[in-house]
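Undergrad: For chain A, the structure is supplied; the task is to place chain B on it using the hints.
In the order they appear, the protein sequences are chains A and B. Position 9, counted from 1, in the first sequence is what this note's numbering calls 9; the numbers after and before it change by one each time, with no gaps. Position 99, counted from 1, in the second sequence is what this note's numbering calls 1099; the numbers after and before it change by one each time, with no gaps.
Keep in mind the hints are simulated off the structure, nothing from the lab. For each residue, glycine too, the CB sits at the ideal point set by N, CA and C. Among these hints, one or two may not hold up.
Said to hold, decoys possible - Residues on chain A that point at chain B, a partial pick, calculated with CB under 7 angstroms:
no. : residue
1   : Ile32
2   : Gly34
3   : Val38
4   : Val39
5   : Ala43
6   : Ser49
7   : Gly92
8   : Lys113
9   : Ile115
Said to hold, decoys possible - Derived contacts from chain A toward chain B, CB cut-off under 8 angstroms, selection only:
no. : residue
10  : Arg31
11  : Leu35
12  : Leu37
13  : Val45
14  : Val99
15  : Asp102
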Amino acid sequence: MTRRIAQILGRGGELNPRNMRLGIWAWLIQRISGLALVVFVVAHVVAISQANFALSGPLFTMLDGLRNPFWSVDRTVLAIDLIMLGIIAFHGMNGIRIVLFDMGIGVGLRSHKAIFWILAVIGIIVSGLVIFYGLPLVGGI
Amino acid sequence: MMQLARPSPTNTWLWLFQRITAVLLVVVLGVHLWLANFGQAAASLRAMLGVVLLGLALFHGLNGVRTVLLDLDIGTQGRKFVTMILLLVGVASLLFGIHGLWPLIVGG
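One chain only, chain A, in its complex shape (with noise of 0.2 angstroms):
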């Protein structure tokens, strides 16, 4: 497995940097958000769980403060879901690509490149609004 490791990271392996193109950026990318989210979505379940029981101590206290992420006045916590949302961005509108692709939609080069631009512009804009209209309503930002 090392080797194997080796193989892919050294010179000509395809994920060298240098040879890294925008196509397996996306591939690469994709599947570090998507084990972030895994992580986040076990520890969202747990927050909002403990908040729902009224568990108290100082663990509960800071997991209760996940419990509504934009209502929450803790900056730290604000500022995990507003990375968290841009990753789920990602994620999601690259996971359009990927089934546009595999739906044979968008096959050619040139069309391919410019859905995935087009897909990372209305996730940043629907990203956006979220924070445009989501941050007021966070106590005093």
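TA: Just chain B, lined up with the frame of chain A:
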């Protein structure tokens, strides 16, 4: 090229479900974010949305983890082990999540 998981009926179905849940997640997650920020909805609707979102996210997430692990060439035994463990994690997490949503479900 990366070594891909061997084509099999199971992997083909999982591939298809991964796409279907992907599209559904974009829609349901949009509704979830909307409700979390601006929306008003009956508890019963939020409970139903919660359970649906939980199921979709767990399947999509854990099946994604399975894809990543299977790309590491872990052998037939490893593949079976990973699949069984992730299935158990999924069922346990679903039950735990429904437990967390319970006040909303019975409160509706």
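Undergrad: State for each hint whether it applies.
TA: Results of checking the hints against the structure:
1. Against a cut-off of 7 angstroms between C-beta atoms, the interface hint on Ile32 (chain A) is violated, since the closest Cβ of chain B lies about 10 angstroms away.
2. Interface hint status for Gly34 (chain A): upheld, as the beta-carbon distance to the closest one in chain B is roughly 5 angstroms, under 7 angstroms.
3. At about 4 angstroms, the closest approach between the beta carbon of Val38 (chain A) and any beta carbon in chain B falls short of 7 angstroms, and the interface hint on this residue holds.
4. With a cut of 7 angstroms, the hint placing Val39 (chain A) at the interface with chain B is violated, because the nearest CB-to-CB distance is about 9 angstroms.
5. The closest approach between the C-beta of Ala43 (chain A) and any C-beta of chain B is roughly 12 angstroms, which is over the 7 angstroms cut-off, so the hint fails.
6. For Ser49 (chain A), the suggested interface contact is upheld, since its CB lies about 3 angstroms from the closest CB of chain B, less than 7 angstroms.
7. Taking 7 angstroms as the C-beta cut-off, the interface hint given for Gly92 (chain A) holds, the closest approach to chain B being about 5 angstroms.
8. The restraint placing Lys113 (chain A) at the interface with chain B is violated, with a minimum CB-CB distance near 21 angstroms, outside the 7 angstroms limit.
9. The interface hint given for Ile115 (chain A) is violated, since its Cβ lies 15 angstroms from the closest Cβ of chain B, which is over the 7 angstroms cut-off.
10. For Arg31 (chain A), the shortest C-beta to C-beta distance to chain B is roughly 6 angstroms, which falls under 8 angstroms, so the interface hint holds.
11. Interface hint at Leu35 (chain A): satisfied, since its Cβ lies 7 angstroms from the closest Cβ of chain B, which is below the 8 angstroms cut-off.
12. At a threshold of 8 angstroms, the smallest CB-CB gap from Leu37 (chain A) to chain B is about 6 angstroms, leaving the interface hint in force.
13. At a threshold of 8 angstroms, the smallest CB-CB gap from Val45 (chain A) to chain B is about 5 angstroms, leaving the interface hint in force.
14. Checking Val99 (chain A) against chain B: minimum C-beta separation of about 5 angstroms stays under 8 angstroms; hint holds.
15. Interface hint status for Asp102 (chain A): upheld, as the beta-carbon distance to the closest one in chain B is roughly 6 angstroms, under 8 angstroms.
In summary, the numbered hints that this structure violates are 1, 4, 5, 8 and 9.
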